[in-house]
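So the sequence lines, in the order shown, correspond to chains A and B.
Per my numbering, the very first residue in the first sequence carries number 54; after that it's consecutive.
Per my numbering, the very first residue in the second sequence carries number 24; after that it's consecutive.
What the hints contain is simulated information worked out from the structure, not anything from laboratory work.
Nothing here was measured: the structure is a model prediction, and the numbers come from that model.
Check the hints yourself; a few may be wrong.
Just some of the chain A residues that point at chain B, by a computed CB distance under 10 Å [as the list claims (entries may be wrong)]:
id: 1; residue: 113
id: 2; residue: 122
id: 3; residue: 128
We put the beta carbon where it would ideally sit given N, CA and C, even for glycine.
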Amino acid sequence: MRARELARPFPILPLDAPASEVGRLLAAEAVGVVFLHDPSGGLAGAVTDTRLLWFLLPGYLQQDPALAGVLEEAAAERLRDRLSGRTAGELLATAYRDVPELDGDANLVEVAALLVRTRAPVAAVRERDGRLLGGITTSALLARLLGDGAV
Amino acid sequence: MGAVVAVAVFAAAYALIATEKLDRAVVALGGAGLVLAFQLVSGAEAFHSERLGVEWEVIFLLLGMMLIVAVLQRTGVFEYLAIWAAKRSRGRPFPILVALVGLTAVASALLDNVTTVLLLVPVTILVCERLGIPPVPFLIAEVLAANIGGTATLVGDPPNIIIAAQAGLSYTDFLLHLAPWVLLLMLVFVGMARWLFRKALVADPRRVRELLELDEREAITDPGLLVRALLVLGLVTAAFVLHGVLHYDASVIALLGAGLLLLLIRRDPKPLLAEVEWGTLAFFAGLFVMVGALINTGVIDALARATATATGGSPTVATSLLLGVSAVLSAIVDNIPYVTTMAPVTGSLIDTLPAGGDHQVLWWALALGADLGGNATAIGASANVVVLGLAARAGHPISFWTFTRYGLPVAAATVALSLPYLLIRYILLG
Chain A
54 MRARELARPF PILPLDAPAS EVGRLLAAEA VGVVFLHDPS GGLAGAVTDT RLLWFLLPGY
114 LQQDPALAGV LEEAAAERLR DRLSGRTAGE LLATAYRDVP ELDGDANLVE VAALLVRTRA
174 PVAAVRERDG RLLGGITTSA LLARLLGDGA V
Chain B
24 MGAVVAVAVF AAAYALIATE KLDRAVVALG GAGLVLAFQL VSGAEAFHSE RLGVEWEVIF
84 LLLGMMLIVA VLQRTGVFEY LAIWAAKRSR GRPFPILVAL VGLTAVASAL LDNVTTVLLL
144 VPVTILVCER LGIPPVPFLI AEVLAANIGG TATLVGDPPN IIIAAQAGLS YTDFLLHLAP
204 WVLLLMLVFV GMARWLFRKA LVADPRRVRE LLELDEREAI TDPGLLVRAL LVLGLVTAAF
264 VLHGVLHYDA SVIALLGAGL LLLLIRRDPK PLLAEVEWGT LAFFAGLFVM VGALINTGVI
324 DALARATATA TGGSPTVATS LLLGVSAVLS AIVDNIPYVT TMAPVTGSLI DTLPAGGDHQ
384 VLWWALALGA DLGGNATAIG ASANVVVLGL AARAGHPISF WTFTRYGLPV AAATVALSLP
444 YLLIRYILLG
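Let the sequences and hints guide you as you build the complete structure.
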């Protein structure tokens with residue numbers, strides 16, 4: 054199997070799109086990954102569920118997780134407010150900025166090697182002409198490698 | 024020739040440390056390697072000589088305290104106290120500021136400045152966000168208080184540890200000579216903070232309910248760990264104070280305390296050992312070897328003689344000069360290498376002063392200048408750099424000049440007030 058066969062299209066938004074749209078795609082539509090592109094059309098980054106959570110969590114809670122316990126239940130409701138008025142570009146602070154890319158002809162071991170080396174949760178797949186085919190996530194790759202009774 | 028090489032190596036290392044071109048531990052160990060290679064100090068002297076070698080007392084005291092702090096960090100006690108104090112202040116910004124800087128000053132006197140601010144910055148931002156007030160003034164006030172509070176004790180600030188080892192001063196000496204004065208300086212600082220941060224000390228009373236909803240008890244997830252950690256910290260502090268009775272060195276007490284605590288908590292020690300700042304310990308070891316080369320080649324004695332000539336043998340001039348120069352230099356360069364170099368100079372300078380006087384005042388001038396001077400700029404002390412980093416990551420950046428606008432007047436006032444204290448108490452009345 055080649056990378057182009059495993060790649061699936063993920064939503065791709067411009068940097069000036071509302072951050073709440075990224076949140077809606079990840080939360081309501083469970084797309085797993087949203088790509089962001091810069092004004093020239095280049096890939097600027099990828100936002101995953103985990104990275105969006107990272108953005109939603111105030112910095113002081115990341116620095117001192119013990120503080121999460123002192124908050125009341127209603128504090129969770131306020132996390133969504135952190136997206137209001139923000140653009141997708143502002144999510145780049147926590148997004149994967151250097152999304153690893155590979156050619157559609159790459160085999161699955163090459164995909165695995167790239168994801169391990171870069172520690173990225175997703176790799177973008179392009180055709181030789183530069184056209185973006187989509188992405189391969191670690192979970193999609195594992196499902197292909199280990200699924201269907203392989204283990 | 025040896026002196027020229029020793030000075031060249033030291034100056035190059037100092038420049039690299041100041042410009043942060045390389046990791047400071049790498050620079051110090053590299054410099055130590057060079058002076059050993061040039062045989063400006065021998066291996067035996069570097070490792071075993073009390074006069075020329077590594078101050079193992081300092082290294083092991085820091086190691087022991089770092090291990091105790093690594094456990095204390097996991098107890099949640101600082102988060103508990105900060106939220107409790109803020110709630111008791113009923114959301115009024117100035118009482119909250121006083122409570123937080125008081126907590127910071129006490130904690131940094133008992134532990135170290137960097138750990139104290141690491142523990143208090145996140146909870147401070149939480150409290151301020153709940154009240155809808157800007158956290159930056161509170162963060163700046165806390166780090167200034169940490170540097171002032173740390174001046175009070177032998178373990179409060181690394182320069183004090185170096186001075187104690189070099190001068191043979193005990194924890195009690197610091198408590199008797201610096202702690203009361205630091206308490207007064209804290210009162211002055213709180214008054215200054217009321218004025219300096221007056222624009223930020225306004226909160227919306229309707230936001231108080233959000234603060235009161237925080238449950239500080241949830242910060243303490245393991246009460247058993249907290250009890251054991253506080254017990255050992257109490258025992259260690261008591262043993263420091265009882266040095267005159269027990270006759271144990273501070274480093275021995277800290278190591279015994281760390282060992283006892285690790286036994287009592289029965290946890291995997293690897294994560295705790297990983298939190299020891301090994302780089303800082305290596306930095307200290309390298310510095311001591313480099314300064315040993317300066318002593319061995321006569322540079323330190325020459326510097327002391329030049330200083331003695333400049334002061335005309337007057338303890339008043341020497342005290343003023345040491346306090347002022349230490350404050351200015353500590354504002355612009357790391358105060359650890361500065362004090363490591365100046366401690367032997369101060370020792371030699373004391374030997375040149377007229378016999379009969381109590382020249383211990385020079386040690387206190389060095390400590391006050393180096394510790395308080397660090398408040399003047401954003402790079403003057405390690406704690407300042409740490410707070411700027413934490414604040415930026417939390418979305419509340421503090422620029423160099425914003426920090427300096429508040430830090431410089433506080434440093435200038437505390438150092439200026441310290442001069443008459445030293446002159447009156449030790450020279451006029453001494």
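Problem set entry | Hint validity - residue 113 of chain A Cβ closer than 10 Å to any chain B Cβ | holds (4 Å)
Exercise. Does residue 128 of chain A pass the interface hint, meaning its C-beta sits closer than 10 Å to a C-beta of chain B?
Worked result: Residue 128 of chain A check passes; min Cβ-Cβ to chain B is 8 Å, inside 10 Å.
Problem set entry | Restraint satisfaction for residue 122 of chain A [CB to CB of chain B, less than 10 Å] | Residue 122 of chain A check passes; min Cβ-Cβ to chain B is 4 Å, inside 10 Å.
Hint compliance for this structure: every hint is met.
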